[in-house]
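Protein chains in written order, with the working numbering: chain Z, 1 to 373; chain C, 1 to 373; chain X, 1 to 373; chain D, 1 to 373.
Rather than coming from a laboratory, the hints here were simulated on the basis of the structure. It should be emphasised that the depicted structure is a prediction, and the values quoted were computed from it without experimental measurement. Treat the hints with care, since some could be wrong.
The calculated lysine-lysine pairs, modelled on PhoX-like cross-linking and capped at a C-alpha distance of 25 Å, are [as the list claims (entries may be wrong)]:
(1) Lys248(C) x Lys348(D)
(2) Lys118(C) x Lys37(D)
(3) Lys93(C) x Lys118(X)
(4) Lys93(Z) x Lys37(D)
(5) Lys358(X) x Lys71(X)
(6) Lys71(X) x Lys93(C)
(7) Lys118(Z) x Lys359(X)
(8) Lys248(D) x Lys136(Z)
(9) Lys71(X) x Lys118(C)
(10) Lys136(D) x Lys93(Z)
(11) Lys248(Z) x Lys93(C)
(12) Lys248(Z) x Lys118(X)
(13) Lys136(C) x Lys93(X)
(14) Lys93(D) x Lys118(Z)
(15) Lys93(D) x Lys248(X)
(16) Lys37(D) x Lys248(D)
(17) Lys118(C) x Lys118(Z)
(18) Lys118(X) x Lys118(D)
(19) Lys348(D) x Lys118(Z)
(20) Lys118(C) x Lys118(X)
(21) Lys118(X) x Lys118(Z)
(22) Lys118(C) x Lys93(Z)
(23) Lys118(C) x Lys348(D)
(24) Lys93(X) x Lys118(D)
Protein chains: 4
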Amino acid sequence: MSTRTTFDTRLKKKETPPVMMRGYGMLEVNKTGWLEKTRPVAGPLDAIVRPTIVAPCSSDTHVSHGGSGPKKDLILGHEAVGIVEEVGELVTKFAPGDRVVVPCVTPDWLSMGTQSGKSTAHDHFMMGSFKFLSQKDGIFAEYFHVNQADANLVHMPDDVSPEAALMTVDMMSTGFHGAELAEIGYGDTVVVIGIGPVGLMAVAGAQLRGAGRIIGIGTRPNCVKIAREYGATDIVSYKEGDIVEQIKDLTGGGADKVIIAGGDAETFRQAVDMTKEMGVVSNINFFDLSHVLSMPAWSWGLGMANKDIRGGFCPGGALRIQKLLEVIRHGRLDTTKIISHKFNGFEKMEDAFDLMDKKAPDLIKPIVYMDAQ
Amino acid sequence: MSTRTTFDTRLKKKETPPVMMRGYGMLEVNKTGWLEKTRPVAGPLDAIVRPTIVAPCSSDTHVSHGGSGPKKDLILGHEAVGIVEEVGELVTKFAPGDRVVVPCVTPDWLSMGTQSGKSTAHDHFMMGSFKFLSQKDGIFAEYFHVNQADANLVHMPDDVSPEAALMTVDMMSTGFHGAELAEIGYGDTVVVIGIGPVGLMAVAGAQLRGAGRIIGIGTRPNCVKIAREYGATDIVSYKEGDIVEQIKDLTGGGADKVIIAGGDAETFRQAVDMTKEMGVVSNINFFDLSHVLSMPAWSWGLGMANKDIRGGFCPGGALRIQKLLEVIRHGRLDTTKIISHKFNGFEKMEDAFDLMDKKAPDLIKPIVYMDAQ
Amino acid sequence: MSTRTTFDTRLKKKETPPVMMRGYGMLEVNKTGWLEKTRPVAGPLDAIVRPTIVAPCSSDTHVSHGGSGPKKDLILGHEAVGIVEEVGELVTKFAPGDRVVVPCVTPDWLSMGTQSGKSTAHDHFMMGSFKFLSQKDGIFAEYFHVNQADANLVHMPDDVSPEAALMTVDMMSTGFHGAELAEIGYGDTVVVIGIGPVGLMAVAGAQLRGAGRIIGIGTRPNCVKIAREYGATDIVSYKEGDIVEQIKDLTGGGADKVIIAGGDAETFRQAVDMTKEMGVVSNINFFDLSHVLSMPAWSWGLGMANKDIRGGFCPGGALRIQKLLEVIRHGRLDTTKIISHKFNGFEKMEDAFDLMDKKAPDLIKPIVYMDAQ
Amino acid sequence: MSTRTTFDTRLKKKETPPVMMRGYGMLEVNKTGWLEKTRPVAGPLDAIVRPTIVAPCSSDTHVSHGGSGPKKDLILGHEAVGIVEEVGELVTKFAPGDRVVVPCVTPDWLSMGTQSGKSTAHDHFMMGSFKFLSQKDGIFAEYFHVNQADANLVHMPDDVSPEAALMTVDMMSTGFHGAELAEIGYGDTVVVIGIGPVGLMAVAGAQLRGAGRIIGIGTRPNCVKIAREYGATDIVSYKEGDIVEQIKDLTGGGADKVIIAGGDAETFRQAVDMTKEMGVVSNINFFDLSHVLSMPAWSWGLGMANKDIRGGFCPGGALRIQKLLEVIRHGRLDTTKIISHKFNGFEKMEDAFDLMDKKAPDLIKPIVYMDAQ
């Protein structure tokens with residue numbers, strides 16, 4: 001298959017010497033810190049954005065430990081809102097100074113993968129639309145690069161706070177995808193396994209598809225509180241026994257839809273087990289390369305139960321984020337509830353990252369204001 | 001095509017003389033009043049139910065003016081909750097004394113129409129699953145008949161009020177069907193034309209599918225108030241100019257989805273006009289036999305705009321109502337807000353019916369307690 | 001949950017002593033032979049059918065070895081066409097003497113499971129709509145019972161041969177379900193793993209959904225020949241190397257859709273492996289109770305590849321079979337190609353069953369004429 | 001909404017004087033002839049293609065009579081295969097000399113309209129992805145321009161004839177879209193109204209979705225012959241009575257799916273009339289700006305029949321055409337049957353166009369080889 005670079009500077013006259021900038025990322029596997037790197041330049045369709053607020057994500061820490069992608073000298077981060085600094089010659093909708101929301105998934109829309117209409121996440125190859133961390137530097141930097149700006153940037157609405165908007169670019173898009181894949185109908189009983197930030201968004205997303213009972217599985221008190229505010233009617237804890245049995249007891253045999261928003265290989269089996277015939281298991285959890293996912297044939301109804309198993313990556317591009325911002329603008333959801341920690345100034349990046357890396361007990365989602373407020 | 005009777009008493013030994021009962025209905029076209037009729041008996045799969053609360057509907061008044069169905073000597077009414085009085089020999093899930101919710105649409109589940117999975121409303125022929133008024137007496141009576149009780153009755157949940165449950169059997173099922181047919185995605189802009197009781201439920205149903213902006217079209221202050229409580233972000237009035245232009249102005253060119261929940265033939269054209277390319281027009285309004293629905297080819301994008309036009313009848317059967325009750329049980333919606341008038345005692349049926357027939361300005365939905373409370 | 005008997009004789013006056021009949025089935029686990037049993041009687045909605053042609057199936061031999069269901073004294077068989085012998089009092093569409101096609105899956109249409117519209121196979125519980133073998137005697141008998149005749153029997157069309165019709169009741173319905181679950185689009189590359197009778201029908205079903213390339217995986221010469229006639233463009237053999245690598249080589253990385261129509265637990269992993277991102281794995285293979293289905297997380301794109309895994313049971317009921325008969329009537333498919341062996345007379349049942357049990361190398365599908373032709 | 005030019009030459013150094021070329025098109029409304037125009041140049045994402053075979057279409061003659069789009073000095077034509085002459089600096093998959101198939105619909109893939117996944121035809125506005133004729137010159141010329149070449153051009157497969165490939169770019173893509181919109185299930189009865197080249201492709205497309213009975217409505221003997229070869233089982237003629245009554249008689253009440261592939265406003269009403277409850281009307285016919293489409297409410301089941309009305313534009317882009325070429329490559333369809341006339345040399349363009357304009361009785365589809373063969 002032919003592939004294409006995600007940005008292209010061939011047409012750009014590089015008459016001036018490269019400008020250096022500061023970023024935070026992976027020096028080598030298991031070692032993060034500050035990096036001095038060349039400031040990116042925009043190809044003709046692209047933009048350079050200066051972030052104003054960024055949010056570390058467990059995917060960043062996962063990469064920093066060698067989970068996938070490049071193994072050294074990589075700026076981390078993929079969740080940002082910011083201000084356009086520079087645009088390529090073919091960009092028509094954005095100009096320097098524009099305040100923008102940046103999807104964490106920025107497809108090459110000229111690929112075949114996005115033409116199918118099934119997902120926007122797989123442009124030239126599986127998960128190929130995820131450029132940050134995997135194919136280029138991330139957004140924990142003074143500046144970062146966005147491919148195909150007209151299709152991948154969104155103007156910040158006046159009536160949405162930057163913090164709320166920041167939560168759409170990955171957390172809400174991924175969590176809501178869990179609810180979408182689950183094909184929830186009015187009144188369905190939905191289980192969400194894992195009520196971290198993505199799972200909480202899956203709870204909210206399920207509530208906004210008309211679910212009846214929503215059972216969150218988790219234990220941390222602040223997450224439990226928000227889960228209830230977002231629509232969970234029941235909370236089940238791993239600590240109080242086998243979760244499959246608890247769900248079967250509560251539901252009289254199994255749930256209509258089960259969303260996996262956290263866990264390990266064992267979670268996969270549990271999710272299949274607790275789903276009723278004709279139900280759906282919807283996965284938005286990143287399984288580890290080392291995982292082997294397995295289920296007894298009986299769990300899956302010997303392959304005959306019309307029990308679908310789906311799993312998908314965060315949908316990307318501008319339209320997706322525009323739609324999620326509409327949900328916020330019209331008062332359907334306050335995404336800022338999941339922000340548990342705020343850091344003031346880029347120099348606090350290290351603290352924020354460490355917090356995420358160590359998964360502090362009261363952590364849900366931290367954000368970092370690039371300039372001290 | 002072969003058809004079958006909706007209930008069958010061939011196996012029933014009629015050893016005792018028929019028992020008479022009182023009902024309220026259409027004496028002849030444009031004349032309603034009290035009727036003395038034979039109390040129905042249950043075929044082997046059926047049940048006889050004694051209503052406890054009933055709700056008149058504009059379909060009842062429509063029929064009373066000769067709109068469709070039988071033209072005389074017909075007990076009206078199709079929305080009821082009640083108590084099982086008698087069951088047929090093959091009924092396994094219900095027994096006399098059970099408190100039940102009764103779907104207004106009760107398919108013959110042995111038909112080919114319901115096997116297709118597309119709709120439950122068209123068992124042996126178009127709208128054939130609607131038995132009350134069309135194929136037999138309605139529920140404004142001391143007793144009424146329900147075909148295939150095991151598949152068409154629902155046990156009243158302990159944690160749902162009878163009034164709330166009563167609103168599911170037609171208003172909520174129909175209104176929510178409008179939202180279902182519209183295929184609403186997260187953040188979509190949805191217009192609901194007509195915010196009477198069904199339109200209000202369509203507003204709530206759209207909100208529970210994750211719509212962003214929801215624009216209700218209507219004028220009556222109490223309806224406007226509830227529309228906002230159910231999720232409408234904007235209200236447009238017919239009185240303030242052409243609704244198509246108002247919607248196009250508000251939305252910058254057209255809505256993603258438009259639900260028709262009231263109006264006449266002109267409304268059809270307006271709905272198509274105000275819908276964007278790739279949008280959906282979803283109709284849950286009963287057009288009149290005399291209507292001709294028309295649209296300039298341009299409104300429909302010359303037939304090329306991938307703008308779908310759908311319209312459907314209230315889904316029926318037990319599972320549908322169970323799912324809607326789940327929505328209520330888990331606190332997603334308070335259906336009782338649309339109940340504007342309560343009448344105490346079956347003898348007030350006439351008052352309730354007249355109120356509905358005259359469409360009093362503050363009327364949304366009346367209910368009648370069969371026994372004085 | 002309440003369950004109901006699949007037929008009900010409570011209303012039936014049993015004034016005459018039971019009549020005995022002959023059947024062929026499982027005497028005990030691993031031992032088949034002739035049985036003398038009481039001839040069934042029809043409940044009010046049911047029919048008794050006298051088979052004219054029957055077809056043994058690998059599910060019958062599977063059950064005979066203790067695979068599932070009752071463990072002794074069970075008449076086997078679930079694929080039949082025949083003549084109506086007796087109908088219940090509430091049956092309206094069929095009368096004694098009618099020639100009928102009998103779906104192998106005969107749902108209780110008054111259940112909640114069939115009201116959902118997702119599948120007809122799971123009426124009161126998982127696979128509950130499969131009555132023969134599991135919940136009552138099968139059809140290798142002088143007479144057999146069909147629940148809810150009006151909804152589960154089909155009049156034999158004059159322009160379809162009984163042999164062709166017989167192939168619809170399980171083989172075609174199951175194989176085509178594989179193609180349906182795979183959501184094939186025009187031009188898709190489809191792999192069918194296993195080209196026994198069901199796999200061959202999946203090949204034909206894929207061709208009739210507009211697939212482009214169809215790759216059958218199998219080795220037996222007569223199956224390969226028919227696979228090509230049914231639309232397979234390529235044949236891959238297990239004997240010539242790893243099938244995953246062969247498919248990846250042929251397709252340049254993976255197939256759009258993979259249908260599992262045979263194999264064991266390892267086949268599941270292979271199917272996931274050979275499916276592209278955004279593709280579908282569709283299973284119609286009965287996995288064994290002892291199987292554990294597993295896949296490395298990477299095969300499934302770490303759960304992020306939007307690669308759906310589905311599996312379903314043979315759809316049942318009258319409408320399904322009517323639709324499949326339409327496909328045959330209009331010359332789209334000759335289902336009789338898969339009939340490899342014909343036996344003349346019920347007394348040959350034993351030979352036919354042994355042939356199926358031993359999986360003779362040239363066996364595809366045997367049929368048995370109940371009366372010598 | 002912001003819009004963008006479909007090609008952009010801002011980055012292109014125009015150091016040489018413009019080159020002139022010859023084209024055939026609309027001099028003014030109702031007057032066609034030869035035009036001398038500037039040869040287009042490629043923007044950075046674009047390509048210039050030299051056609052080798054072109055096909056006039058009734059849309060071209062429609063435009064020439066002032067139907068839509070520019071009103072003078074416009075090169076017509078939108079169906080071509082050819083050879084790449086020049087590519088922009090950012091094009092990676094194509095080079096001068098490549099033999100290519102050119103979709104007639106070439107979306108701007110950086111638009112919001114294509115991100116929704118519902119259709120590729122409406123990029124920045126309704127039908128905005130159709131660039132030829134509407135937004136720039138067409139392909140009846142020595143050279144023509146293609147926007148976003150990497151996403152909108154397809155390499156000509158070695159095993160598909162150029163003539164067969166040419167039939168995919170509009171005729172097959174449009175006709176098959178009719179079958180797609182109709183959501184045909186196995187065994188459905190499908191009517192195709194109009195069996196010109198697009199209708200014939202709709203017949204073939206219906207057969208390749210597993211339709212049972214397919215009824216073509218038309219009269220011309222050569223079309224009738226091909227319709228039968230493509231899968232029509234019945235032919236109904238306008239000349240032998242009302243087509244609605246004929247279809248209702250043939251089908252016992254109405255068809256499951258009706259595809260409109262020709263006709264006028266009256267045809268719309270007829271199509272709705274002849275479709276059963278829960279069926280679909282699928283339109284791929286370009287209605288005229290002057291048409292008013294109307295239906296008696298009863299035809300549409302008073303808006304309650306779950307009878308969907310859809311209509312869509314030819315899907316475009318590279319993936320679509322690749323998929324259709326796969327259908328041809330694997331022997332599912334011979335698209336060249338619809339080619340009724342071949343013209344040798346660009347100078348015969350006038351004859352070909354006149355033939356199309358006058359709709360000669362034996363005309364189905366003409367093609368013109370640009371160089372005499």
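Against the structure, the hints:
1. Lys248(C) x Lys348(D): violated, 48 Å
2. Lys118(C) x Lys37(D): The given pair, whose Cα atoms are some 54 Å apart, is violated under the 25 Å limit.
3. Lys93(C) x Lys118(X): Judged against 25 Å, a Cα distance of about 23 Å means the pair holds.
4. Lys93(Z) x Lys37(D): Distance ~31 Å between lysine 93(Z) and lysine 37(D) Cα, so the pair is violated.
5. Lys358(X) x Lys71(X): Holds: lysine 358(X) and lysine 71(X) sit about 20 Å apart, inside 25 Å.
6. Lys71(X) x Lys93(C): violated, 30 Å
7. Lys118(Z) x Lys359(X): violated, 41 Å
8. Lys248(D) x Lys136(Z): violated, 62 Å
9. Lys71(X) x Lys118(C): violated, 39 Å
10. Lys136(D) x Lys93(Z): holds, 22 Å
11. Lys248(Z) x Lys93(C): holds, 22 Å
12. Lys248(Z) x Lys118(X): holds, 22 Å
13. Lys136(C) x Lys93(X): holds, 22 Å
14. Lys93(D) x Lys118(Z): holds, 23 Å
15. Lys93(D) x Lys248(X): Holds, at roughly 22 Å.
16. Lys37(D) x Lys248(D): Violated, at about 53 Å.
17. Lys118(C) x Lys118(Z): Distance ~23 Å between lysine 118(C) and lysine 118(Z) Cα, so the pair holds.
18. Lys118(X) x Lys118(D): Between lysine 118(X) and lysine 118(D) the Cα gap is close to 23 Å, so the pair holds against 25 Å.
19. Lys348(D) x Lys118(Z): violated, 44 Å
20. Lys118(C) x Lys118(X): Answer holds: lysine 118(C) to lysine 118(X) is near 10 Å, not above 25 Å.
21. Lys118(X) x Lys118(Z): holds, 20 Å
22. Lys118(C) x Lys93(Z): Violated, at about 42 Å.
23. Lys118(C) x Lys348(D): This hinted pair is violated, its Cα atoms lying about 52 Å apart.
24. Lys93(X) x Lys118(D): violated, 42 Å
Checked against the numbered hints given earlier, this structure breaks hints 1, 2, 4, 6, 7, 8, 9, 16, 19, 22, 23 and 24; the rest are met.
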